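Trainee: Sequence:
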Amino acid sequence: GPNEVSTAVLASYQRYLYHHRKEGGGTLSLGTQWLRLVVVRSFFRWLARNNHILFNPASELELPKMDNRLPRNVLSFAEVEKILHQVDLSTIAGLRDRAILELLFCTGIRRGELINLKLYDMNLEKGTLFIRKGKGKKDRVVPTGERSLLWLEKYLDESRPRLVREDRKGDKENNALFLNNRGRAMKHYTLGILVRKYVKAAGIDKEGCCHMFRHSMATLMLEGGADIRYIQQMLGHAKLETTQIYTRVSIEKLKEVHLQTHPGALLKPKRKRK
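Sequential numbering from 13 applies to the sequence shown in my numbering.
A portion of the hints provided could be inaccurate.
Within a straight-line C-alpha distance of at most 25 Å, the following computed PhoX-like cross-link-like pairs (lysine-lysine) qualify [as the list claims (entries may be wrong)]:
no., residue 1, residue 2
1, K166, K150
2, K94, K166
3, K94, K212
4, K209, K199
Honestly, the hints are just simulated from the structure, not real lab data. The structure presented is a predicted model; accordingly, all values stated were derived computationally and were not measured.
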């Protein structure tokens with residue numbers, strides 16, 4: 013029973029997971045190891061809390077450290093521009109979609125944060141956006157950027173009034189900044205489909221949709237010389253370590269700049285004479 017499981021037994025199980033080989037010969041990923049050990053640790057914590065065991069052998073069980081994964085499929089500025097130019101600006105929906113894409117790229121806003129935006133969160137005079145209760149239930153104010161602001165104004169003037177349904181004018185949903193084609197607040201999955209459609213139309217074979225714009229904004233800002241603390245504020249990260257992942261994404265750019273600017277890197281080593 014559970015009382016027979018000791019710290020040594022759990023340490024042995026942890027070693028087993030580390031050295032275990034799957035059918036194809038590969039090892040278990042750190043994520044799989046971490047997940048299995050978390051389940052074990054939670055189970056023994058529950059047993060101890062409910063007095064089924066006197067001692068919790070998993071209390072000192074160390075989980076494998078998970079590296080912050082590098083964001084994949086970061087878009088170049090040229091790719092972002094290509095996506096933006098797929099939108100049909102002659103339609104009401106097209107003006108809305110362009111405003112959404114511009115905002116995703118210019119602010120790095122999360123999908124859930126964007127669909128929760130209200131009309132009064134946008135300050136057109138100051139060119140700022142109030143993002144309320146983002147991840148971690150924290151509010152933040154971010155600049156929209158001139159171009160994004162231009163498209164937002166165009167959407168608010170020419171598109172949104174035509175998306176509002178007369179029979180729903182009293183609805184709370186009518187406060188939503190972005191409305192779907194039925195005059196309701198947009199849903200998570202709808203926004204994902206919308207963005208993915210334009211990425212595909214641009215012929216860009218990269219996985220991802222809304223978050224891809226977020227990663228791209230952070231990476232391009234960093235490469236442009238932005239202080240990482242400002243990027244942290246834009247993204248709404250509670251910890252700087254979360255933002256520092258983008259410094260690893262930009263290592264290729266860093267190598268390129270280093271090669272072009274460092275006097276030592278410019279020197280070509282002389283070949284030894286035989």
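Trainee: Now look at each hint and say whether the structure bears it out.
Mentor: Structure-based check of each hint:
1. The hinted pair formed by K166 and K150 fails the criterion: a straight-line CA distance of about 29 Å is larger than 25 Å.
2. With a C-alpha separation of about 20 Å, the suggested pairing of K94 with K166 holds against the 25 Å cut-off.
3. The hinted pair formed by K94 and K212 meets the criterion: a straight-line CA distance of about 11 Å does not exceed 25 Å.
4. At roughly 16 Å between alpha-carbon atoms, K209 and K199 fall within 25 Å of each other, so this suggested pair holds.
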